[in-house]
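A.B. asks: Each chain, letter by letter, is given below.
Number of protein chains: 6
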Amino acid sequence: MSTATPLPAYAAYEHFLVSSPALFVAHVEINRPRKLNAFSRPMWLEFGRIFTQLSADSDVRVVVLSGAGDRAFTSGLDVQAAAEDGALTTEEGKDVAKKAKEMRGHIEEFQECIGAVEKCEKPVICVLHGISIGLAIDISCCADIRICASNTRFAVKEVDIGLAADIGTLARLPKIVGSTSWVKDVCLTARDFSAQEAVSVGFVSQVHGSKEQAVQAAVAMAAALGEKSPVAVQGTKELLNYGRDHDVAESLRYTRVWNAAALQGKDFPQAIMSGLKKTKPRFEKL
Amino acid sequence: MSTATPLPAYAAYEHFLVSSPALFVAHVEINRPRKLNAFSRPMWLEFGRIFTQLSADSDVRVVVLSGAGDRAFTSGLDVQAAAEDGALTTEEGKDVAKKAKEMRGHIEEFQECIGAVEKCEKPVICVLHGISIGLAIDISCCADIRICASNTRFAVKEVDIGLAADIGTLARLPKIVGSTSWVKDVCLTARDFSAQEAVSVGFVSQVHGSKEQAVQAAVAMAAALGEKSPVAVQGTKELLNYGRDHDVAESLRYTRVWNAAALQGKDFPQAIMSGLKKTKPRFEKL
Amino acid sequence: MSTATPLPAYAAYEHFLVSSPALFVAHVEINRPRKLNAFSRPMWLEFGRIFTQLSADSDVRVVVLSGAGDRAFTSGLDVQAAAEDGALTTEEGKDVAKKAKEMRGHIEEFQECIGAVEKCEKPVICVLHGISIGLAIDISCCADIRICASNTRFAVKEVDIGLAADIGTLARLPKIVGSTSWVKDVCLTARDFSAQEAVSVGFVSQVHGSKEQAVQAAVAMAAALGEKSPVAVQGTKELLNYGRDHDVAESLRYTRVWNAAALQGKDFPQAIMSGLKKTKPRFEKL
Amino acid sequence: MSTATPLPAYAAYEHFLVSSPALFVAHVEINRPRKLNAFSRPMWLEFGRIFTQLSADSDVRVVVLSGAGDRAFTSGLDVQAAAEDGALTTEEGKDVAKKAKEMRGHIEEFQECIGAVEKCEKPVICVLHGISIGLAIDISCCADIRICASNTRFAVKEVDIGLAADIGTLARLPKIVGSTSWVKDVCLTARDFSAQEAVSVGFVSQVHGSKEQAVQAAVAMAAALGEKSPVAVQGTKELLNYGRDHDVAESLRYTRVWNAAALQGKDFPQAIMSGLKKTKPRFEKL
Amino acid sequence: MSTATPLPAYAAYEHFLVSSPALFVAHVEINRPRKLNAFSRPMWLEFGRIFTQLSADSDVRVVVLSGAGDRAFTSGLDVQAAAEDGALTTEEGKDVAKKAKEMRGHIEEFQECIGAVEKCEKPVICVLHGISIGLAIDISCCADIRICASNTRFAVKEVDIGLAADIGTLARLPKIVGSTSWVKDVCLTARDFSAQEAVSVGFVSQVHGSKEQAVQAAVAMAAALGEKSPVAVQGTKELLNYGRDHDVAESLRYTRVWNAAALQGKDFPQAIMSGLKKTKPRFEKL
Amino acid sequence: MSTATPLPAYAAYEHFLVSSPALFVAHVEINRPRKLNAFSRPMWLEFGRIFTQLSADSDVRVVVLSGAGDRAFTSGLDVQAAAEDGALTTEEGKDVAKKAKEMRGHIEEFQECIGAVEKCEKPVICVLHGISIGLAIDISCCADIRICASNTRFAVKEVDIGLAADIGTLARLPKIVGSTSWVKDVCLTARDFSAQEAVSVGFVSQVHGSKEQAVQAAVAMAAALGEKSPVAVQGTKELLNYGRDHDVAESLRYTRVWNAAALQGKDFPQAIMSGLKKTKPRFEKL
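Protein chains in written order, with the working numbering: chain Z, 1 to 286; chain Y, 287 to 572; chain V, 573 to 858; chain F, 859 to 1144; chain P, 1145 to 1430; chain H, 1431 to 1716.
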């Protein structure tokens, strides 16, 4: 993505590149390619801040997320860094209840940083490629649309490091993919699965020949979304996420209250009129 | 469907044809083919009344729903009529809170008319064909079984007219189709998708070569359902809809209370006995 | 499965064979092949007890479930036995409210026996083969992973015996398979569906050429799961089941509290260290 | 209430008097005093229609509900009429499942008519007096504020006619009154309780010496509410009802979406300005 | 209660006396008065079995629960016995995750034994007297109606033994008593509260001068309930418990399905006819 | 509270005094007495930060919250400051949908700042006194225990400034106080209510003669809580808040998982042993 313009408002982040490959589109790249884009705690704190900032940035209407380099989207948690931090070692004789409180706090912080992708009010298109295991699945489950390169190697790896995944995969995957039998298979066995398997179960919706092609496809989709009404696009994201978590009657009620304000904005009559007149609408920032 | 008998009890409806192509089966056709079966407000009010009446009509056990004519199931909202009604124009200076109250009311009325398909106690088989966009998706999401002709052109079109879909697609689609990545793709981009794509993600369960073949397949399926125990069929619809919206423990509890009455009816022993004796049971109206 | 060692602790069960084909793996076979493994009430009471015992047995980490014999996983309820028991006949003049109370109680007992598979804290891999109708679907919906032989004949048969399925299929199937249109099709029509159809909609995740091959594949998968950390595997089952029934925020909260204890165990550091040192970990019983 | 002006839009109702004792206030009186205001089916159908009409009538901002005559608010269901209708008699040999379907339909219709008080978007102040048993409790549980005359004789009477109350008391009373031990006492024993007991447990919030005084107090409160901002008053009713039925996080989310439109209306700045200038605001119809 | 007839079907229980002080009434007494009726594990296992048996026993329609002796309803957990059992001591070096699994299992078993009072289909009237702390609150929160002697000394004691109460008080008390400020006060401070305070906040609904008078009042209330329609009484308990845990729309739906069977029983017409004819109905066992 | 030690870690806050009147106790005072402790936006942002810091501060185990000065706890929103900020004025011609998005954001920020009291893991005792209207109710609804001075003047004032209260009162009050009739009365009428009325409906649990006495009582209660096991106290707060928002079965499940870690800490055996030996336990920081 070397030709994309870096976004100055995001230049200070250390572990991520944020550029703008198209109008209203931000491209976030996980930028630690020598370590297969593995995450340390400073990285996930920064990751959460970036997506919170993108959510509030009215110059950005769509986000593309990928890894820097050719080898990996991310290989997940940087286990070595975690071991050195002491995050993985239990101090001898530490009070179990006190340690449990600390751990709840740590997991919550981690969950909230990664969950910032889901809370981001703009659609996030996640491009998976190369090694995409462990935390890669947690992150991509928070995105709205997942596409991948054909060389992607996926795995819900946590069982193989002795834990039940706790950053979101087990909460979100059963609601993202139709086949529970498949979900339990990959979560319990921690086995690899391919791009082909991912698209056939519906985990991703497109497979492309290479990372470059996948990123190009994501940027093109993002550019198209960026030209649409932000009121319509952001409302659709909000209502689909609400729909996933509520029964139909609740969702219909929330939709009514949401659209009672949204439809009083200018995007709606403008889009209608453009449609009738066959002109191209331009929507204001939201 | 020219050979089907019109159902006299439904002859007064202006915008819909209701006939009986098989015993216990009603076929509802959206009948405004010159306007691509687009819906105006009088049409959706009538649509709601028809399905409420079908729900209570013990001569009807299954419903087939399609569009009249070859070109469209429905092209959705009749935008021009809506514009003339003033439904789309904001009066200058109107109080925002007052307008919001009106809009909540209008959306609720519209949701309830379309939702009458879901509330109808009999199975509804929806046959999509030709143009099937916008409201076509909202309506078909309320049906129990969706099949389509190979020429169907689907789209969740609302984002392109500047709004988040509010008549039910965003509430129901995430629960109807397994792949959330696909659902968000079609809802955010408003792009067309084909019959082939629809069947491969599970939105429809059959594709047929033409509208005629699809309607025939639907009528045949409906006729078969019409011969089964209405207590069993209607209970199954109710419990599957309940299952979609509740957790497993709740669903099992509701099922126990439901079947504690249903199993005391005559359909159950009669079906059992017919099975043991290899005879064909006849079930009474419910 | 003749070479598998019978598990002595389960030798007293009358209708089921329980053996151990691999370390930490129990294989349960429904053992009434002359009657197509059809279930009578004593059988489902025993079935519930077996899975409750397996759940608490720390020598067992994974369970494989299949039918004995070549013809059927199970043909479902033994209707003849039920008829002779009087379970299906309504006594003349019996008080409807009193009868309803009895039936609620009977259905609850039956639901709880079958549901013991879901409550079992260890993963259960269900191998479907031959006739697998009615109760076969209720049972397999409670398992974690479903695989089948290519000759399997599936059907949600209940509508054809005059009732809405009440032992769990209607509560669980909409959450197991992505396509609601397909779910309603098979539940309302009671039609047969094949192994191929089952895998394509995601009901099962593997099809094998024969029952033997399917059982071998299940045992191999089970043996692999048996070598993994039981804390990780059982936690993953618990959290995926919780995730199916709760919204994302609730699931993340429960996950934090769950893992705050689980991560203080020895499996986690041991798995991490084995990973770093490329050795094979051995996990203690849980 | 002889001096109140009858409201012409409600003159055609047969069983209820609707007058306007104060600006923006409607007073509904159950008007069958010779029969202790007992309800027959035509009455509850009319009752539902009145409250649906009041909900949509922008000339009405608050409703007072009482019984006509001195003896009763209502003595509940007109059992004799019900017996003559055949509603209470089971036809010999009628199919239990078919009868169950009919009864579900009848109870739902009855629940919806009475529940129209809760759904009415304007606050409803219920004045209980004299005999107030059975249906009187179901109705008053749907009102927002309950006050009573000191001579009121309350009872949740249904257990004494052989049924669990099914028109709403058992669903709403546990959420209206703090003491579950008291709720179960009066619901299980069907015993009478007095105005004094009702106020001490919080079922009513005021007791007055006579029906006249109670009605006067209700009208005075209604008149005061009628002068307040309808956006504020109706929003408060909606959000309190939502709060009763949802957890806190859900309620806060819905509140944000609701007020994002409501606060853009004119009532809010007008009320603020009136407050700062110490003038009396006048709010437009909503 | 020396004059009450022991119930032979319950004679084998070791730690509880079960007698019948009135027709259809069972009186359960916690019978370890020398130890202030403190509970050991064998006692709570037995307690669960008794209430499960009472729930299914059609000769029993109402249950009264009290402590034997003058000094205590129960002083709660027998801490000394628990210490000797090893239930309270952590084995050195035991794996935290393994221990956590055991403890979840123990707490669940304990919760289910005590919760058998709530699940019991018959109303349970709990008579508190003397020392009523810790587990006494958990138990009484499961009862339907609570009354007490004026000498009762209540306390939610768990904070003072270093734990958050886990057998049900914290789950149920906020739904039983109206004032959350009071609930948090007594749960956080573990302070004593008196019969007078208990009745004024609605935790109990009656206070009597002595244990004897309280038991007499409970038996009289139970005897009156025993003469009423069991269909009505048990339905009312079920629907009130359902109402506590569900929103209003859900409760109304469940109520319709429940009563569609219940009202087809004989109790309903019989009670109606007795009412019209002013005779005393006699209801059959349920 | 002049004799209390200021807590240095909280010295930088501008609008609040934070001191320590007793071991492990923090006392937060709203410190803008000349303006009746009215809140501007900088104040509520600071308020949120303070309670987030207190939640994580292991030197603090209990919090007391009151207003500085004699006249008011708080008079609520500083309307004049809000007017000057432009927060209350609608810019002419601003897009309604865009404005709605902004307002959702502002309300969410405000809700989260005030809600920090509820999220604070330590118990918060709120002392209300003098003017306690509008936001005073929102804030105190987030506290665990409410006590007040006899001169307190309470009001849910929002309806009188033209809006439905949106910072939490309408979400929490129906769950805090038993009588819904009273809740709707005070929320709809915006009328004043007295300390006496507040205690009689259970909104507060104690009334004291003066602010000083109320603060002394709060500090004494806080000091007592500060000496108890923090594992027990904080777990009790968490589980009671969970219990308010979930059904009983969910709460019992969460409780098991929570206590499976908490009971492995040292507080539990230490408290037990102290109880048996009649010594006073000392608990470590959590």
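One or more hints might be untrue.
To be verified - Listed next, the in silico SDA-like pairs over lysine to any residue satisfying Cα-Cα at most 20 Å (straight line): (1) P:1422 to F:951; (2) P:1263 to H:1683; (3) Z:98 to H:1699; (4) H:1528 to Z:93; (5) V:671 to Y:556; (6) Y:552 to V:628; (7) V:671 to P:1426; (8) Y:571 to F:941; (9) Y:384 to F:1128; (10) V:670 to P:1426; (11) P:1238 to V:842; (12) Y:563 to V:628; (13) H:1715 to H:1699; (14) Y:380 to H:1435; (15) H:1696 to Z:253; (16) F:977 to P:1394; (17) P:1242 to V:810; (18) H:1696 to H:1683; (19) P:1242 to V:678; (20) H:1528 to F:1127; (21) P:1243 to V:828; (22) V:691 to P:1364; (23) Z:94 to H:1706; (24) P:1263 to Y:536; (25) Z:278 to Y:365; (26) Y:405 to Z:253.
These aren't lab readings, by the way, just hints derived from the structure by calculation.
A.B. asks: Hint numbers the structure violates, sorted upward?
C.D. replies: The structure conflicts with hints 1, 4, 6, 8, 12, 14, 15, 18, 19, 22, 23, although it agrees with all the remaining ones.
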